[in-house]
Each structure stands twice: as structure tokens, then as C-alpha cells.
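Engineer: Construct the entire structure; sequences and hints are all you get.
Residue numbers (my numbering), protein chains in the order written: chain A, 1 to 277; chain B, 1001 to 1277.
Because the hints were derived from the structure by calculation, they are not lab data. The C-beta atom is built at its ideal place from N, Cα and C for all residues, glycine as well. Take these hints with a grain of salt, some might be off.
Claimed, not checked - Covered stretches of chain A, as calculated for chain B (at least 3 residues, CB under 8 Å):
1. 55 to 66
2. 72 to 84
3. 136 to 146
4. 158 to 166
5. 222 to 228
Protein chains: 2
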Amino acid sequence: MGENERVQQVELLSSVNDLYGGVRVNMEHHPMDSKDFATSLKASISQWKQQGKRGVWIKLPIEQVNLVEVAVKEGFRYHHAEPDYLMLVYWIPETTDTLPVNASRRVGIGAFVMNSQREVLVVMENGGRFKETGVWKFPTGVVNEGEDICTAAVREVKEETGIDAEFVEVLAFRESHKSFFSKSDLFFVCMLKPRSFDIQKQDQEVEAAQWMPFEEYAAQPFIREHELFNYVAKICLAKSDKGYAGFSPVSAATSSGKTSCLYCNNPDIHLLTSGHQ
Amino acid sequence: MGENERVQQVELLSSVNDLYGGVRVNMEHHPMDSKDFATSLKASISQWKQQGKRGVWIKLPIEQVNLVEVAVKEGFRYHHAEPDYLMLVYWIPETTDTLPVNASRRVGIGAFVMNSQREVLVVMENGGRFKETGVWKFPTGVVNEGEDICTAAVREVKEETGIDAEFVEVLAFRESHKSFFSKSDLFFVCMLKPRSFDIQKQDQEVEAAQWMPFEEYAAQPFIREHELFNYVAKICLAKSDKGYAGFSPVSAATSSGKTSCLYCNNPDIHLLTSGHQ
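Structural biologist: This is how it looks when you write it as C-alpha cells:
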């Protein structure tokens, strides 16, 4: 009995073609025996090879953790994982793979919020890297999955200090590497305008929060001695003195019909460039 | 025999404390039997509970794929994965976990490169979303793990067109969600100055490359009809007419002693704010 005849007798995995000459396997959430999976996977790989397929994707829900070892033994590698699933991929051709890379950046925000007395909203953290340093810093936080940078900045300020604020601009952003496991980090310094002024610290990770004269904030040794914090303080000062242009968000439809947020120097770009139309 | 006495008889997993009240388990790269691992893991969890530990991290190299199922059965969930390892985590306390989220963004760049004849460098792609659309677009690409945005922009222009270029500014960036699996996307529109002019297309994903009058690029129906592309074209035009300020990179030391890249309106921020010192 030839290879092809044997292959015909086992159930192949259900899959759909992707835009890049590969396939995505559909796994159901119900339990599957790892031996059955091994047999179907081998037969399916043999068929995909004959069809000249390139990348093969299998998304295994965490309940199907028993199938992970089988897939790896058949040549799959990890692509990415979320709490509830693991994405595996197998590049069939002999050539170098052109598979898209995994998400590589964690995104964070720091919020510069100044009131009309030139006082800046600062917090003292009770955990992590700044624990027990006595440093007063801007409210900061991680931008959630699917969350806009401007939404995250407003949320973090509210969570850490109870202050309602309105997003104004991204003043600058910092790129750093190897900061979170092996991942890189993009940190956006955002300017917000306060809409309320009574501080009500809620976040359990924040020890204290207050309005502090900007000069006092900037004069802290920790801020003065670290080039990056020093730069950021200067940018904030330049902004409050109106000599600085950041990026403000404007929403725009994309080619796929969704709306995305474009951050640029002037959201009124229609006016800015109308002379050229 | 009490729980504690039994626990003492099995080998505990080696681990180190982290900064957040949790532990990181050290797994070696050599093979380990899944039954032995199960026994050690159960005993270790029992000890971590007694010690009041919070998050427990286990990084399993792909060679130890046989241990993944054991860890999940003991209560671990996936945190993130890279081609060669899977990171699992277990939150011990009854409270809501405060574990850091996974990297959530893929980062891409688009390169606006204009020569002195007001011609812009454009490519036609032969795969993916723009395949067979006939659209001439800016060179684009994904920023690699650990790579700076400005480095990626220079690299992509070279790879796709053979042109040497110098990074000038980030003109704008776009935030979109659910664009790559469930991940979000940050796309930076970068301005580069060409240093060479002979196009030598190398990238196999690029069908053709050319210098095209800017007005011709912007007049393509695809660009005109899509709000986002239209905005970006206007920003580029505003920049080439010198009425627009983007963010340029400046390198600065961070508090942990590493150097990171800060993108802001004016890299000469020292001069800009020197009056306030």
C-alpha cells in the first residue's frame, strides 16, 4: 500500500487557505485524543506538502494542551501565546520563512497633567522599580490590549489619582529594548488637561498622590540626574510655555473600512494643506 | 505522615524571587521526565503558598514541550511564547492578579523618501493585502524585535528599493486594533532623506519600485479614496513644504543605565529650554 493510499484512510484536519499561500487549521474546543491528532496531523502535512502550501497555523485553546507536544514533534514551533491559547506554526518550504513576527512591543504611557497654578499631578508608587525611592513621578501605566493610547492615559490618571482629565497630545515617545522579558517597550509621554482637582487615590499600587509645583518636581535629584527624565521634564515645560508641538489624535477610516487613530502635528491637516488641493 | 513531611522528600524546583513578591523557576535545557516534574512542581507550589508568594513564572524551552501539559494541569496558564520557548504563569493569591500583560503591539513603519525633483520612492507589492491592486505605495515593513524604529525604516527602504537613506523624523503614527490576530498595531510614518538614487529592487515581495512625482502618487484613486492614506499624503506634503514638525530621535540614558531613544519635536531641547534653567 502506497503512502497516498494510507493517507486517504485517516481524517484530515479541517483548514482554510490564508492570503499568503498557507493554511489555518480549525481546531474545535472539544477534547481530542493526542494519538488521533498525531495521525491526522501527519496525513494533513503530507497533503499540504503535495499542494505546495507554505505556512501552516494551528491555534490550540489551552484545554487542548495535550496536543502541543504532538504538534512540536511534527515540526511546529511556537508563534505566540495568550492566556487561553497557543499559536503554533510550521513553515513547509525549504526556503527561509516569510511568516509575520509576533507582537514585539509593550506600550506604556506617562501622563503630564498640570493645573492653572503650574502644579503637576504626581504619585509615589509602593511597588516595582520605584518602590521606596521616595520619587514623585507622573502617573504611568500599561496600555491594554485593544485600548487606544489616549484612552489609556485618561484611565490611568483616573485610577491612580481620581482626577478626571482630557487628552491633549502625545509630547514624545521613548523606545527601549529588553525591558520586559526579551520584549521592547514604547512609552508615550502624554499631556492631559485636568477637569477635576480633588485627588482621591484609589489604585493599591500608589502610595500617595498630590499636586506639586512643577519646579519642585523637576528639581528632584532622581529627575535631574537621569538624562531621560530630565529631557521629558524640559519638554513638558516647553509645552506649558507654548513653545512645543506634540502629536494630537485624529480618527480616520482605513482601507479595510475600520477606523483608526492617527497622531500627528496638526489634526486640522485639511486646513493646513488646503492650498495644495 | 503530614503534608509537610511528604513535601520534604521530593526535590523542589530551583527558583529566584522577583521584585513583585513572586518567583521565577529556573528550568535547565536538559530533558526532564514529566512525572518527576509533576511531583516537584506540586511540592514547590505547596511551599510557595506557605511562603505567601504571588506570581510564579516558568519559562519552558521548546525542547521541554513534554512539561507544558503538566504545568497547565497544576493551574498554570500561558503568558507569552516565542519560537523557542513558552512562558507560563500561575497567580497564587485569591485576589485579582497584577501580573504584567504580554507585549500587545506589532510595530510597523512606512517610509516617505523624496528626492530634489519632488519625486517620491514607491513600490508595488506582489503579496498580501495590496497584491494585484496596482497601487504604488511607500516602502513599508515590520520593525524587528529589539530594533529601533529609525533603523527599521532605513533597512526596509534599502531592502525593498536598494536606496540608501538617512532617517529624519517620525511624521505621524497610527494606532489600529485587531489587525494582526487579536493584536494591535502601531504604524509609524517616517521621513527619510535619500543618499543614493539608483533603484535596485531586491526584496522578493516587491514587484516593482520607482521614483514617482508626488502629485501622481497622491492622485491614485486608492490613496485619494481612503481617508487615512489621504491624511498621510497631506502630512508628507506639508512636511516637504516645511510647514510641519515631526518627532526626531535623540538618545538618552535611562535610570537603569541603558540608552534609549526619545522621539520628540526638537532634539535640541537643551537649547529650546535653556532660558528656564
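Engineer: A separate judgement is required for each hint: does it hold in the structure or not?
Structural biologist: Against the structure, the hints come out as follows:
1. 55 to 66: holds (count 3)
2. 72 to 84: holds (count 10)
3. 136 to 146: holds (count 5)
4. 158 to 166: violated (count 0)
5. 222 to 228: holds (count 4)
When held up to the earlier numbered hints, the structure conflicts with hint 4 and nothing else.
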